[in-house]
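Residues per chain, in single letters:
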Amino acid sequence: MIRVTECRLFLDSSVWLGYFLGNIAEAKEIVDSEENTLFTSIISIHEISKRLKKLGKTEKETRGAIKFIEDNSIIVNLNRNIALAAAENCEKYGLHTIDSLIYTSALEIKAEFVTAGKDFSEAPKTKIIKI
Amino acid sequence: MFVGTTTIQIKGPTKDLLNELKKSFNSKTYDEVIKTLVSKKTKSMYGSLSKGKNISAAEMIKGLRDKSDRM
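Keeping their order, the protein sequence lines are chains H and L.
According to our numbering, numbering within the first sequence proceeds without interruption in unit steps and concludes at 131.
According to our numbering, numbering within the second sequence proceeds without interruption in unit steps and concludes at 202.
Hints may be right or wrong, so weigh each one.
[As the list claims (entries may be wrong)] Beta-carbon label-pair distances, calculated as ranges:
| id | chain 1 | residue 1 | chain 2 | residue 2 | range |
| --- | --- | --- | --- | --- | --- |
| 1 | L | A189 | H | E35 | 16 to 22 angstroms |
| 2 | L | S181 | H | I42 | 24 to 30 angstroms |
| 3 | L | D162 | H | K118 | 40 to 46 angstroms |
| 4 | H | K118 | L | T160 | 30 to 36 angstroms |
| 5 | H | G56 | L | K146 | 39 to 45 angstroms |
| 6 | L | T138 | H | G56 | 49 to 55 angstroms |
[Said to hold, decoys possible] As a list, the in silico DSS-like pairs of lysine-lysine whose alpha-carbon atoms are at most 25 angstroms apart:
| id | chain 1 | residue 1 | chain 2 | residue 2 |
| --- | --- | --- | --- | --- |
| 7 | H | K28 | L | K182 |
| 8 | H | K92 | H | K28 |
| 9 | H | K57 | L | K142 |
| 10 | L | K174 | H | K50 |
[Stated by the list, open to error] Covered stretches of chain H (chain L as the covering partner; in silico rule of three or more C-beta atoms under 8 angstroms from a C-beta of chain L):
| id | stretch |
| --- | --- |
| 11 | 24-38 |
| 12 | 43-52 |
| 13 | 64-75 |
Keep in mind the hints are simulated off the structure, nothing from the lab.
Predicted model, so just to flag it, every value in this text is computed and none were measured.
All residues carry an ideal CB built from backbone N, CA and C; glycine is no exception.
Start from the sequences and build out the full structure, keeping to the hints where you can.
See below:
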């Protein structure tokens with residue numbers, strides 16, 4: 001069930017993958033906590049699906065994981081504002097296009113961005129999980 | 132059976148979340164959003180795809196995202 005709380009966390013693909021594969025313990029605390037309202041970029045749905053297939057997970061397993069994300073977080077689509085702001089954030093924080101589109105989506109909905117990626121060290125309102 | 136409507140009071144941030152969910156669910160009304168929310172059930176899936184080859188977190192995210200832009 002999607003929890004509606006004041007703590008808004010926007011999860012990067014790396015956090016979700018770490019959750020399903022059980023190799024990022026902090027991801028369990030974040031996702032399973034009832035204190036957090038979770039958000040996910042539509043781009044992450046693509047990335048997670050692609051990566052799980054590449055890791056040899058079955059179609060059923062991959063679909064189950066995606067359904068879990070859809071059931072437990074709010075999927076954020078791209079829009080004009082995000083696209084334009086992301087272009088600025090590429091330069092501002094040294095982010096690549098996809099990183100910036102996802103990160104800017106988090107800023108747009110005023111959520112803290114949570115990632116296991118190292119490329120967001122300059123980006124404000126970001127929690128980087130050390131792996 | 133006639134199904135009437137009623138008014139409920141919610142805080143501003145909750146209304147904002149309902150608006151986000153409305154877009155996310157492609158719902159036409161708040162009624163639909165709330166029905167979808169209460170019908171969803173879930174339990175933890177932490178580590179549910181860990182069987183088979185052990186993959187470290189570092190290995191897992193290596194090459195996950197293209198780090199070169201198209202232009």
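Earlier hints that do not hold, by number | Checked against the structure, the hints that fail are numbers 1, 4, 8 and 9, while the rest are satisfied.
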